[in-house]
Amino acid sequence: MSPVVEVRDLRKSFGKVRAVDGVSFTLEADRIYGLLGRNGAGKTTLMSLLTAQEFATSGTIELFGQSPVENARVLEQTAFIKENQKYPEDFRVKHLFRSAPWFFANWNAELAGSLAEDFRLPLDRRMKKLSRGQLSAAGVIVGLASRAPLTFFDEPYLGLDAVARQLFYDRLLADYAEHPRTIVLSTHLIDEVSTLLEHVILIDEGRILIDSDAEDLRGSAITVAGTASAVDDFTRNREVLHRDRLGGLATATLPALDAAGRKDAAAAGLELSPVSLQQLIVRTTTSGEDPS
Amino acid sequence: MDDSRPIFQQIAEQIENDIISGLLPEESQVPSTNEFAAFHRINPATAGKGVNLLVDTGVLYKKRGIGMFVAPGTRARLVAERRDQFRMQYVEPLLVEAEKLGITPEQLGSMIREAGR
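So the sequences go chain by chain: A and B.
Heads up, the final residue of the first sequence is numbered 292 in my numbering, and it's a clean run with no missing numbers.
Heads up, the final residue of the second sequence is numbered 409 in my numbering, and it's a clean run with no missing numbers.
Hints were generated in silico from the structure; no laboratory data involved.
Bear in mind the structure is a predicted one, so any value in this text is a computation, not a measurement.
Just so you know, not all the hints are guaranteed correct.
[Claimed, not checked] Derived Cβ-Cβ restraints for the label pairs, each shown as a range:
1) B:Ser313 with A:Thr286: 41 to 51 Å
2) A:Thr26 with B:Met403: 57 to 67 Å
3) B:Gln377 with A:Arg73: 50 to 60 Å
4) A:Thr26 with B:Ala407: 24 to 34 Å
5) A:Phe55 with B:Gln377: 52 to 62 Å
6) A:Arg73 with B:Asp294: 38 to 48 Å
For every residue, glycine included, the Cβ atom is placed at its ideal position computed from N, Cα and C.
Required output: the full structure, derived from the provided sequences and hints.
Written out as structure tokens, the structure is:
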């Protein structure tokens with residue numbers, strides 16, 4: 001199947017700031033992607049470019065094989081749920097749901113209704129009277145019920161409590177299982193969503209640092225801990241992703257070790273511990289080694 | 293699910309554990325990929341990868357249009373494999389450590405019998 005999104009050497013500058021700085025990737029159909037990165041890494045700008053809400057400085061974007069710019073046929077297959085969506089004055093929740101089919105070809109009103117009940121969202125309330133969490137719930141409902149073949153959720157959980165976030169993840173998985181589509185979750189709550197993701201794209205300072213299957217990343221790194229001298233000796237000829245030092249003790253995060261490497265580490269008196277996806281991401285984006 | 297190693301391996305291990313414990317008898321149907329995904333809150337493709345791993349190793353087999361089933365003779369084979377692993381993972385390191393401390397295999401045997409009481 002041809003990719004849903006194809007991006008080549010995409011750049012977007014705001015004055016001197018290079019928000020997206022030469023990015024190329026593809027998104028395949030019917031997968032759940034995690035678009036991860038720190039605040040200001042360029043995630044929102046990238047999604048705004050893909051959905052033609054911003055215009056690129058240079059580079060090409062193809063959605064379903066076409067440029068999304070001023071292309072209604074492509075854009076009605078796309079949903080972008082933004083962290084701070086603005087609504088018309090006096091809009092009520094029910095108006096939001098009624099207007100949604102104008103924008104989304106696959107809108108499912110029944111699903112929207114049942115989600116509104118699940119999230120306890122009052123349909124008659126004005127959008128501007130909704131709490132932060134209720135606003136996020138409205139966005140999540142629109143994103144799910146749009147059943148858009150390409151759906152972006154940009155930090156959709158703001159103000160949602162733990163129960164509502166779990167509800168979102170459960171409904172997302174359930175509806176995705178029945179109606180597969182390409183979903184991009186932009187988030188920094190990596191631990192909460194990591195098991196939902198099939199593929200991870202990590203960006204930092206407008207560039208892609210990781211573009212990899214989530215399963216390949218799990219178990220791809222390991223942390224060794226021990227006395228600083230033992231850690232230094234052990235890591236001398238090895239690639240190190242991250243180092244920490246506390247007095248005479250040190251830890252180092254390395255690419256996963258083979259059996260011989262593990263044996264050497266144990267012989268050197270080092271303790272090995274696994275690295276979660278979130279830890280790996282944090283250590284990749286806080287690059288740099290402590291001066292030693 | 294533990295996020296520091298591939299989830300499809302953990303799914304496969306868990307199905308094997310359920311076969312060994314008798315929770316999933318031979319010739320019984322295992323849950324669908326989507327049921328595994330919903331239950332563990334994991335990506336369905338990842339769950340599918342775990343199930344397919346067990347199809348490749350002959351633990352599960354597919355009935356077209358119905359689902360996945362536990363292959364006959366699987367339990368005995370898995371138990372034998374796990375016993376080999378047990379020997380490598382636990383017994384051999386135990387003997388190495390015991391030797392370091394001057395504990396003979398006979399003493400080790402009586403220690404185990406006492407601890408089991």
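### Message
Output the indices of the hints that this structure fails to meet, ascending.
### Response
4
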